[in-house]
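Trainee: Sequence:
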Amino acid sequence: MSIYYEKYWQEKEKDELNDFKYKWPKIKEVFPKLVNGKILDFGCGAGRLLQEIVKSFPNNQYVGTDLSQEGLKRAKTNLPNIKFVKTEGGKRLPFLTSEFDTILATDVIEHVYDVSTLLSEWHRILKPDGKIIISTPYFGFIKNIIVDMIGFEKVFDPTGPHIRFFTDQSLKTTLAKHGFKVLQTSHFGRFFPISRGVLMVAKGVK
16 MSIYYEKYWQ EKEKDELNDF KYKWPKIKEV FPKLVNGKIL DFGCGAGRLL QEIVKSFPNN
76 QYVGTDLSQE GLKRAKTNLP NIKFVKTEGG KRLPFLTSEF DTILATDVIE HVYDVSTLLS
136 EWHRILKPDG KIIISTPYFG FIKNIIVDMI GFEKVFDPTG PHIRFFTDQS LKTTLAKHGF
196 KVLQTSHFGR FFPISRGVLM VAKGVK
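Residue numbers (my numbering): 16 to 221.
These aren't lab readings, by the way, just hints derived from the structure by calculation. Glycine included, C-beta positions come from ideal geometry on N, C-alpha and C. Check the hints yourself; a few may be wrong.
What the hints assert, rightly or not - If you anchor each label on the Cβ, the simulated ranges turn out as follows:
{"id": "1", "residue 1": "R205", "residue 2": "T112", "range": "37 to 45 Å"}
{"id": "2", "residue 1": "Q84", "residue 2": "K142", "range": "27 to 35 Å"}
{"id": "3", "residue 1": "E114", "residue 2": "F171", "range": "35 to 43 Å"}
{"id": "4", "residue 1": "R107", "residue 2": "G52", "range": "20 to 28 Å"}
{"id": "5", "residue 1": "K221", "residue 2": "K36", "range": "30 to 38 Å"}
Whole structure, please, built from the sequences with the hints as guidance.
Mentor: Take a look at the structure:
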């Protein structure tokens, strides 16, 4: 997987995120209500979203992590005062138990092979009652019908990076199985029920 994302960032000319303008307002809305302390941006890529978070909420300690060394190189250039750590998919994360107050994981989980290991590790490294802010592309009954009619081959591109597809319920169920209680669910991009993405805030239950 890391080889795929090394190539991705080497070929990507700009650090801008395609859905930034949809996703950032929603994150900015929930972020200050939850965090005060040590924050992990998991799957930070080149750090585009983290730049906005640090600028808007500077009074926290931030750490960024990603599979791609090239992505982290760009992130370090953009945010020289932030600590960045390379991680490997499916393995124990190089962080202490109960180290973080909040984990931010925007559009990451749909790229992950071993979701169970990842969620178990997030639960481990969160402090008691720590929070995760997680987003992923939205799929639901009405949107799925539209996708099936006019965009199936594009959305489910067999050579694309997305290997997991979640409904609101399947994401909630998956989080619950790994010790997380969902506190808030919202959607962004377009309008519900054909939203681009879903964002959930969940609490780790020890």
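Trainee: Kindly confirm whether 30 to 38 Å is satisfied by the beta carbon distance between K221 and K36.
Mentor: holds, 37 Å
Trainee: Using the beta carbons of E114 and F171, state whether their distance is inside 35 to 43 Å or not.
Mentor: holds, 37 Å
Trainee: For the range 20 to 28 Å, tell me whether the beta carbons of R107 and G52 fit it or not.
Mentor: holds, 22 Å
Trainee: Between Q84 and K142, does the beta-carbon spacing fit 27 to 35 Å?
Mentor: holds, 29 Å
Trainee: Would you say the C-beta atoms of R205 and T112 sit inside 37 to 45 Å of each other?
Mentor: The hinted range 37 to 45 Å holds for R205 and T112, with Cβ atoms some 40 Å apart.
This entry satisfies every hint, going by the numbered hints stated previously.
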